[in-house]
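Q: Protein chains in written order, with our numbering: chain C, 1 to 300; chain G, 301 to 584.
No lab work stands behind these hints: they were computed from the structure.
Every value quoted in this text rests on a predicted model; they were computed, and no experiment measured them.
Check each hint, because a few of them may be wrong.
[Said to hold, decoys possible] Some chain C residues close to chain G (C-beta under 10 Å, calculated; not the full set):
no., residue
1, R80
2, W130
3, L132
4, T145
[Claimed, not checked] Partial list, computed: chain G residues near chain C (C-beta under 10 Å):
no., residue
5, M313
6, L320
7, R397
8, G399
9, I403
10, G408
11, A410
12, D425
13, M428
14, R436
15, S437
16, Q501
17, D504
18, P510
19, Q559
For every residue, glycine included, the Cβ atom is placed at its ideal position computed from N, Cα and C.
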Amino acid sequence: MNMLALQAAEVPFFDWTSTNTHLSGWLICFFTLAIFSFLYKDNPFYKIAEHVFVGVGTAYFALQYYNEGIRGPIVEHIDRATNLAPNEFVTLGGVDVDPTVAIGVRLVAAVLGLMLLSRVIKPSGWAPRWPLALMVGIYAAIKMTGETQSKLVQQIQGVVKDGGLTVPDSALAWSDFMAGSGSITQTAAYLTVGKIVLVIGLLATLIHFMFTFKRGAGLNAVSRVGIVTLMLTFGAMFGFTVLGRIALLIERVENVFTFADPNYAVLGESAYLTPPALITAVIILVLVLRKMTGKDVEAT
Amino acid sequence: MKDFDRRWIFLAMGIVVVSLFTLEKPTEMPPSEYVQSYYDTIEALPEGSIVMLSADFDPASAAELLPTYQATIHHLLRRNIRVINVATWPAAPPYTRAGFDEIAPLYGKAYGTDWVELGFIPGDDVAMGSIGQSLRSAYATDDRDSTPIAELPLLDGIQDRMEGIEVLISMSAGYPGILEWIAQVGGRYEVPILTATTAVQTPDLFAYYPTQLSGFAGAATGATQYLQLVTVDMPVAVEGEPETLVDVKVNNQERMLIQAGAHMLILLLILVGNLLYFFTKGSR
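Chain C on its own, in the form it takes in the complex (with noise of 0.2 Å):
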């Protein structure tokens, strides 16, 4: 039925340089409906839909992956460096060095490379374990200096700066809010008792994790309060969760909608527009999936 009423005049059928096209229409509508049609129960739309995503998604990755992974920083670049002048230099890790050098580095890497996959061949060998050596170990370097000079040293730098409670010089002050100027959440007051908030919570949250000792009544309280802020955070985050979840599904719907545009009416502009043929796509996948069974789903 979504198919039916797709077909208008003005809107080509299939064209490779756009994606406005009856065909692209049709497959939005159907991928979207079949992925849908999982929360009534899984189906074989559902299945169809599934496996030509992973197909393609796994087919364009691979590609993407030989083009930038292997034809690009391996094919391509030892072209150049073997086509280079004389006296000139390829640049590697930012040093200028010899092609020479350059090639026979890429060499290195894709030797490297080959002896990662031998693992396919020998599942046990040794050859394997020299580059996933070098991928962990430069790997975890990499990410411990970064991610300890972001997420330890500079958080630590910011709530420990001036106590944590610095406010921006652009922050207002309380008597010009109450003059009408600006939002609450702009004021020095709002940032200040929003640092305090902040320095309290983080610290109790600390706590909260020290099992060094034995903690007394005191400390349990502050742990409490630690859990509390612990759960205010993991609420907040279940709500962004929820707003991106939400934004997906209304894009989907706009998207699905987008095909009730008069050019995509079967018999001119006011008839058999999509809506009606979503419905009627939706009730007889409805009753389809009534009539199915496991076994006819495990079977597809």
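Using the hints provided, position chain G relative to the given structure of chain C.
A: Relative to the frame of chain C, chain G by itself:
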């Protein structure tokens, strides 16, 4: 209530979203401090500055990030700021290509001098560290037509360790994204960083603002606020004309009401669920 079929909740959510969608009622959003800082940081850049714009998202998060991405391109090019595009997510480059091909001609910008497209780089954090250390080593050619980057005039003034780049902007949908840029580039080279993120990632960012992050537009709400700021001087959308940034803004503003309705439903369900729990507690 144990036998309650959760599909009724899905149906209720569908009805709320679809019915509010048909209202087409745009809702104005006052910009938050974080979004205002995002906007002001770009506004404060001198003309001709170079900005690195990293597309760290894919189609799954385009609903939240694409409007901000398009608005940022408009904002940067309108202010005559030059843009180096990179991507750490494999599915992001088509958005970069489409965005600049559509928007750059509106401001008379030319490829190679006003913007360049370096494309996807595999390697996550390691790749980001590599870009920060030396852009010329990380990329040998551009992504558009494999031009050696030494031949791209825009990159003439760019040195290693992010020298010459005034601001780094990440459209971040998760890992790798803004937190990795802050760790691998922000902390090491002290380049100001801006970001637009999905809602899921937004709570992580408050701790980084304003010391490690100069501003951010979080979720569809942040996107709407930023779109309002960028489109303030733009002509009103015309019915039947091709979609402009103003249309994108109106679309986003319409989504805010739907979002609010959906959130109200969720709150109601949480409330009902909790009340039922407490009322039936004694009977179990």
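Q: Next, verify each hint and record whether it holds.
A: Verification of the supplied hints:
1. R80: At 7 Å from the nearest chain G Cβ, R80 (chain C) passes the 10 Å test, so the hint holds.
2. W130: violated, 18 Å
3. L132: Given a least distance of 15 Å, the restraint on L132 (chain C) is violated.
4. T145: holds, 8 Å
5. M313: Nearest chain C Cβ about 7 Å off; hint holds.
6. L320: With Cβ-Cβ at 9 Å, under 10 Å, it holds.
7. R397: Interface hint status for R397 (chain G): violated (13 Å vs cutoff 10 Å).
8. G399: violated, 14 Å
9. I403: violated, 17 Å
10. G408: With a minimum Cβ separation of about 23 Å from chain C (threshold 10 Å), the hint on G408 (chain G) is violated.
11. A410: violated, 22 Å
12. D425: holds, 6 Å
13. M428: holds, 9 Å
14. R436: Constraint on R436 (chain G) satisfied, holds at 5 Å.
15. S437: Status holds, d = 5 Å.
16. Q501: With a closest approach of 8 Å, the Q501 (chain G) hint holds.
17. D504: The hint holds - D504 (chain G) has a Cβ within 10 Å of chain C, the shortest such distance being about 9 Å.
18. P510: holds, 7 Å
19. Q559: At 5 Å from the nearest chain C Cβ, Q559 (chain G) passes the 10 Å test, so the hint holds.
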